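Student: Starting from the known structure of chain A, arrange chain B on it as the hints suggest.
Given next are the chains, with one letter for each unit.
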Amino acid sequence: MSGLIPIVLLGILILIFSGRLLVQWSRKNRARLVTIEDYSNARTALDSVFAETAAIRRIFANEDMEFISQAGTDDVQRFFLKERKRLAIQWVRMTRNQVAHLIDLHLKLASYTYDPNPRSEIRLTVNYLCFILASSGLLILLWLFGPFKMVRVVAYTVRAAEYFCSVFSLRLEKINPVKLASAREPRSV
Amino acid sequence: MDTNLIWWSAIALETVVFFRGLKAALLRKYPLFYAYIICVFLIELLRFSCHEVAPDFYQAFYWHTELVTVVTSYAVIFEILRGSLRHNPAVIRLARTLVLSVFVLTGTYVASDMLHGGFESLPGVTAELGRDLRYVEGALLLVMLWLFGRYRISFGRNLLGLAIGYSLLVGLDVINLALLFLPGNEFSIGLRKSLPITYLITLSIWCASLWSSQPEPLPPPESAIDRDYALLAAKTRAALAHLSTRAGRTLRP
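Line order of the protein sequences matches chains A and B.
Sequential numbering from 1 applies to the first sequence in the numbering used here.
Sequential numbering from 1001 applies to the second sequence in the numbering used here.
Keep in mind that the hints were calculated from the coordinates and are not lab data.
Just so you know, not all the hints are guaranteed correct.
[What the hints assert, rightly or not] DEER-style ranges, computed between Cβ atoms: (1) A/V23 / B/L1022: 41 to 47 Å; (2) B/S1204 / A/A155: 54 to 60 Å; (3) B/E1052 / A/L129: 54 to 60 Å.
The structure displayed is predicted, hence computed values, not measured ones.
Every residue gets a Cβ at the ideal spot worked out from N, C-alpha and C, and that includes glycine.
Next up, chain A with everything else stripped away, as it sits in the complex (with noise of 0.2 Å):
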């Protein structure tokens, strides 16, 4: 009986995902390519994460929050408090989206590499769902306990986006441009 499952949940899985093949065909038809302007724009947003993580880690900086105690009323703690947690939770958000936006390009733009390499793409796969559990995990922490108690998971947070730029800055560098479909041209496939 223990053996029957995973062939059942095998054959309900293909049902899935051929069910999934057919409305991907579907919203294909609406698609675009990937263009030079998109290879453009995904460097420019990998830039400005890499720029953003360096001032970010002051949101969470414990010395901020020691002189606020040491020098500010109740009123102000509180208030510092709200407006970092804030801060925290739009910042998580916001890499979550980004680093989904460059994961998205990334397989878009595996048709158009010159080296693709099966053990870093799983490897890849992996680390996203991790990233994706820990930026989970860290909204309901900052939400529960704060900005300034969280120092290891934002730490875990921020070099898992720093990974997934790099990964992807590597990935850039080996796209076939010659592949790339021209901003001039009709965006429709």
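Tutor: Frame of chain A, contents of chain B only:
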């Protein structure tokens, strides 16, 4: 009466699929798939003749021919893989590695299972071998479908119909075979009866999608000026990125 109707409908649909393929010049495009259709068509005719002439021999004959059907259906997997990844050389390598790994792993499992289980009766062994081969096929198909989804592989209408129909057939057959080999499961009997109808639906999907030759998604067009410019720009960007990393490392205290 109902069985005969389903039988004749399947034979008729297989004939239509084949002749439409011939007329739309799809035979050259998907030779492995049409070889499978011819094979299944001949098996259907043989089964029908056996059922009418020697009904006692039918059960054993069914399982032997089922094994042949499952083995030849691997041609459809290769056809889908070949057609879908034609313009995606990057994904071909990944697909080959994954598909080969799944095939080797499951093949080893099947072989060890057969060696440990022994060979009690020939029809029983062929039936079990057919079942195990179908499971391998299901696993391969699942890996392929996952890859197609993940890398957003473009499909033409012909190939999409081929893949969807085939997935429906294999997916339901895998579930049915799992239940069929479970002792005392009544649910499987009902499911087994519905399988020929599933096969008719699959044939109808193939018939509709392969009625005429549809254009396959083309690789992005090339323009000489854009190509040269983009190539130069990309190489410059890569060189600059490399240079700035090195400069950063050198300047760091």
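Student: In ascending order, which of the hints set out earlier in this document are inconsistent with the structure?
Tutor: 1
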